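Protein chains in written order, with full-length UniProt numbering: chain U, 1 to 286; chain F, 1 to 121.
Just so you know, not all the hints are guaranteed correct.
[What the hints assert, rightly or not] Below 30 Å or equal to it, Euclidean Cα-Cα: the simulated DSS-like pairs (lysine-lysine) are:
{"id": "1", "chain 1": "F", "residue 1": "Lys78", "chain 2": "U", "residue 2": "Lys196"}
{"id": "2", "chain 1": "F", "residue 1": "Lys23", "chain 2": "U", "residue 2": "Lys184"}
{"id": "3", "chain 1": "U", "residue 1": "Lys237", "chain 2": "F", "residue 2": "Lys78"}
{"id": "4", "chain 1": "U", "residue 1": "Lys175", "chain 2": "F", "residue 2": "Lys78"}
{"id": "5", "chain 1": "U", "residue 1": "Lys196", "chain 2": "U", "residue 2": "Lys92"}
{"id": "6", "chain 1": "F", "residue 1": "Lys23", "chain 2": "F", "residue 2": "Lys108"}
{"id": "7", "chain 1": "U", "residue 1": "Lys237", "chain 2": "F", "residue 2": "Lys104"}
{"id": "8", "chain 1": "F", "residue 1": "Lys64", "chain 2": "U", "residue 2": "Lys104"}
{"id": "9", "chain 1": "U", "residue 1": "Lys92", "chain 2": "U", "residue 2": "Lys104"}
{"id": "10", "chain 1": "F", "residue 1": "Lys62", "chain 2": "U", "residue 2": "Lys237"}
{"id": "11", "chain 1": "F", "residue 1": "Lys78", "chain 2": "F", "residue 2": "Lys108"}
{"id": "12", "chain 1": "U", "residue 1": "Lys184", "chain 2": "F", "residue 2": "Lys64"}
{"id": "13", "chain 1": "F", "residue 1": "Lys23", "chain 2": "U", "residue 2": "Lys237"}
{"id": "14", "chain 1": "U", "residue 1": "Lys115", "chain 2": "U", "residue 2": "Lys104"}
{"id": "15", "chain 1": "U", "residue 1": "Lys252", "chain 2": "F", "residue 2": "Lys78"}
{"id": "16", "chain 1": "U", "residue 1": "Lys237", "chain 2": "U", "residue 2": "Lys252"}
{"id": "17", "chain 1": "U", "residue 1": "Lys175", "chain 2": "U", "residue 2": "Lys92"}
{"id": "18", "chain 1": "U", "residue 1": "Lys237", "chain 2": "F", "residue 2": "Lys108"}
{"id": "19", "chain 1": "F", "residue 1": "Lys64", "chain 2": "U", "residue 2": "Lys196"}
{"id": "20", "chain 1": "U", "residue 1": "Lys39", "chain 2": "U", "residue 2": "Lys184"}
{"id": "21", "chain 1": "U", "residue 1": "Lys252", "chain 2": "F", "residue 2": "Lys108"}
[Stated by the list, open to error] Computed, partial: chain U to chain F, Cβ under 10 Å:
{"id": "22", "residue": "Glu95"}
{"id": "23", "residue": "Ala113"}
{"id": "24", "residue": "Gly114"}
{"id": "25", "residue": "Pro202"}
{"id": "26", "residue": "Cys204"}
{"id": "27", "residue": "Thr244"}
{"id": "28", "residue": "Lys252"}
{"id": "29", "residue": "Leu258"}
{"id": "30", "residue": "Cys263"}
{"id": "31", "residue": "Leu265"}
Everything labelled a hint here was simulated from the structure, so no lab data went into it.
As the structure is a computational prediction, the values presented were derived from the model and not from experiment.
Each residue gets a CB set at the ideal place from its N, CA and C atoms; glycine is no exception.
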Amino acid sequence: MSQVHDITDEASFHRYLDNLPSNSLAVLNFHTPWAAPCKQMSSVVSTLADSYPLTSPSLVSFFSINAEELPDISEQYDVAVVPFLVLLRDKKVLETLSGSDAAKVRDAVERHAGKGTVTTAKAEIPPLQKVKAPTAADANGVTETANSQDQLPSQSNPATTGASTADGETSSSEKAALFARLDKLVSAAPVMLFMKGTPSEPRCGFSRQVVSLLRGRGVRYGFFNILADEEVRQGLKEYSDWPTFPQLYVDKELVGGLDIVSCSLSRELAVLASPITLSANGSSCR
Amino acid sequence: MSTVVSQTPVEDVIRSKIVEALKPSTLEIYNDSHLHSHHEAMRGGTSRETHFRLVITSAAFKSKMQPARHRMVYSLLKEEMERPGGIHALQLRTRTLEEEGRQKEREKQEQGEMIADVEQL
Numbered sequence: 001m002s003q004v005h006d007i008t009d010e011a012s013f014h015r016y017l018d019n020l021p022s023n024s025l026a027v028l029n030f031h032t033p034w035a036a037p038c039k040q041m042s043s044v045v046s047t048l049a050d051s052y053p054l055t056s057p058s059l060v061s062f063f064s065i066n067a068e069e070l071p072d073i074s075e076q077y078d079v080a081v082v083p084f085l086v087l088l089r090d091k092k093v094l095e096t097l098s099g100s101d102a103a104k105v106r107d108a109v110e111r112h113a114g115k116g117t118v119t120t121a122k123a124e125i126p127p128l129q130k131v132k133a134p135t136a137a138d139a140n141g142v143t144e145t146a147n148s149q150d151q152l153p154s155q156s157n158p159a160t161t162g163a164s165t166a167d168g169e170t171s172s173s174e175k176a177a178l179f180a181r182l183d184k185l186v187s188a189a190p191v192m193l194f195m196k197g198t199p200s201e202p203r204c205g206f207s208r209q210v211v212s213l214l215r216g217r218g219v220r221y222g223f224f225n226i227l228a229d230e231e232v233r234q235g236l237k238e239y240s241d242w243p244t245f246p247q248l249y250v251d252k253e254l255v256g257g258l259d260i261v262s263c264s265l266s267r268e269l270a271v272l273a274s275p276i277t278l279s280a281n282g283s284s285c286r
Numbered sequence: 001m002s003t004v005v006s007q008t009p010v011e012d013v014i015r016s017k018i019v020e021a022l023k024p025s026t027l028e029i030y031n032d033s034h035l036h037s038h039h040e041a042m043r044g045g046t047s048r049e050t051h052f053r054l055v056i057t058s059a060a061f062k063s064k065m066q067p068a069r070h071r072m073v074y075s076l077l078k079e080e081m082e083r084p085g086g087i088h089a090l091q092l093r094t095r096t097l098e099e100e101g102r103q104k105e106r107e108k109q110e111q112g113e114m115i116a117d118v119e120q121l
């Protein structure tokens, strides 16, 4: 699994490049550590790096460069905005990417270096996160954690299951990869709601009611809009053997849909109460 | 002898499947489709039997948690739910005879309290 080399000075940067074979791809991630989009991109790049095996000689290598601290290198590559990605081969610039599109970055790297073949727990590129400011406190004085998980509809799940398997194997390993992804999604927060739409814009009456019930009880939860991801929508039905949405999970366990949630809450069961008191910093989702 | 074709084929299937499998002491089927017929997901559909609310009391639910009970009903109606234009949404209240009894007691109590409040006004 490749790592991202953190460049601290110009000399070592040039040494690295000098030592790379002329056919290998170098991915340079120019960033500033304090900018949120850069944090996001750095995480994308390190996940991507993970999926490429360490080879000798190196076929693809990843570098992280603090644009503010290394202005000369930044100038050399015309870095005007961050995050900024430069793809090099034999010290020549193949392509540059600015902005925060994880899918584009992955595409570009795959185009020049082939698909990553290492499947590890970190092999998946996290979806883009938009962190909204918390909504105004409601009557209970508790705010809903509004870490949203807005997945780009076109961003398909990178099936990094190895390019060389036979067809039959690919589909079962694709399903395993999907289930592994779902496994992570349901544990993204102590209380996870898979719904149609988002808490601020529910697209279904039942989802809206669950959101309202949770808000009324001051429950902090993460959410996932299944309308934005057909693969998760259909996959979860099979994963949990549950045909409908919304679906509420507490500590990875499926509690149920609106009926069960409203029943539990009206009977003041402790099921949902514990995550509120235990999680001090609210929930976040990938 | 003429046979009348049922206007509610889906409801009929629901009733017969649940009765046969769960032998319920109470089975109430509410068709809420008209409440949702204007929804985006329902556009282009012609069925008037898409959204149902079921209240079921059965001993088959004993010692099963709610998710498991719901799963029993879902699996009975799997075909109707998977068929395009079939059941789109299913709301369920699943209880045992004891639970139904307790719920009725609670409701009676609450009503009693309400009446008492009114009398005090």
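Here is how each hint holds up against the structure:
1. Between lysine 78/F and lysine 196/U the alpha-carbon distance is near 21 Å, which keeps this suggested pair within the 30 Å criterion.
2. Only pairs whose Cα atoms come within 30 Å are accepted, and lysine 23/F paired with lysine 184/U is rejected, the gap being roughly 39 Å.
3. Proposed proximity of lysine 237/U and lysine 78/F is supported: the alpha carbons are some 12 Å apart, at most 30 Å.
4. Only pairs whose Cα atoms come within 30 Å are accepted, and lysine 175/U paired with lysine 78/F is accepted, the gap being roughly 22 Å.
5. As the CA atoms of lysine 196/U and lysine 92/U are separated by approximately 47 Å, the hinted pair breaks the 30 Å bound.
6. Between lysine 23/F and lysine 108/F, the direct Cα distance comes to roughly 27 Å. Compliance with the 30 Å bound is thereby established for this hinted pair.
7. Of the supplied pair hints, the one linking lysine 237/U and lysine 104/F is violated, its CA atoms being roughly 34 Å apart against a limit of 30 Å.
8. Between lysine 64/F and lysine 104/U the alpha-carbon distance is near 48 Å, which puts this suggested pair outside the 30 Å criterion.
9. A distance of roughly 20 Å separates the Cα atoms of lysine 92/U and lysine 104/U; the hinted pair therefore holds under the 30 Å criterion.
10. With a CA separation close to 25 Å, the supplied pair lysine 62/F and lysine 237/U stays within the 30 Å bound.
11. Between lysine 78/F and lysine 108/F the alpha-carbon distance is near 36 Å, which puts this suggested pair outside the 30 Å criterion.
12. Our distance criterion of 30 Å between C-alpha atoms is met by lysine 184/U and lysine 64/F, whose separation comes to about 27 Å.
13. Pair hint lysine 23/F plus lysine 237/U holds up; C-alpha atoms about 27 Å apart against a cutoff of 30 Å.
14. For the hint linking lysine 115/U to lysine 104/U, the alpha-carbon distance of about 13 Å falls within 30 Å, and the restraint holds.
15. For a cut-off of 30 Å, the pair hint linking lysine 252/U to lysine 78/F stands: about 24 Å separates their Cα positions.
16. For the proposed pair lysine 237/U and lysine 252/U, the alpha carbon gap of about 15 Å is at most 30 Å, so the pair holds.
17. Simply put, lysine 175/U and lysine 92/U have alpha-carbon atoms about 39 Å apart, too far for the 30 Å limit, and the pair is violated.
18. The suggested pairing of lysine 237/U with lysine 108/F is violated, with an alpha-carbon distance near 39 Å, which exceeds 30 Å.
19. Simply put, lysine 64/F and lysine 196/U have alpha-carbon atoms about 28 Å apart, close enough for the 30 Å limit, and the pair holds.
20. Pair hint lysine 39/U plus lysine 184/U holds up; C-alpha atoms about 21 Å apart against a cutoff of 30 Å.
21. Annotation: proposed proximity of lysine 252/U to lysine 108/F is violated, straight-line Cα distance about 37 Å (limit 30 Å).
22. Given hint, glutamate 95/U at the interface with chain F, is violated; its Cβ is 40 Å from that chain's nearest Cβ, farther than 10 Å.
23. For alanine 113/U, the shortest C-beta to C-beta distance to chain F is roughly 42 Å, which exceeds 10 Å, and the interface hint is violated.
24. Because the smallest distance between the Cβ of glycine 114/U and any Cβ of chain F comes to about 39 Å, over 10 Å, the interface hint for this residue is violated.
25. Proximity of proline 202/U to chain F is violated relative to the hint, the smallest CB-CB distance being about 12 Å (cut-off 10 Å).
26. The beta carbon of cysteine 204/U comes within 8 Å of a beta carbon in chain F, closer than 10 Å, and the hint placing it at the interface holds.
27. Evaluation of the threonine 244/U hint against chain F yields a held restraint, the C-beta minimum of about 7 Å falling below 10 Å.
28. Taking 10 Å as the C-beta contact cut-off toward chain F, the hint placing lysine 252/U at the interface is violated, the least distance being around 13 Å.
29. The interface hint given for leucine 258/U holds, since its Cβ lies 7 Å from the closest Cβ of chain F, which is under the 10 Å cut-off.
30. Interface hint at cysteine 263/U: satisfied, since its Cβ lies 7 Å from the closest Cβ of chain F, which is below the 10 Å cut-off.
31. With a cut of 10 Å, the hint placing leucine 265/U at the interface with chain F is violated, because the nearest CB-to-CB distance is about 12 Å.
Hint compliance for this structure: hints 2, 5, 7, 8, 11, 17, 18, 21, 22, 23, 24, 25, 28, 31 are broken, all remaining hints hold.
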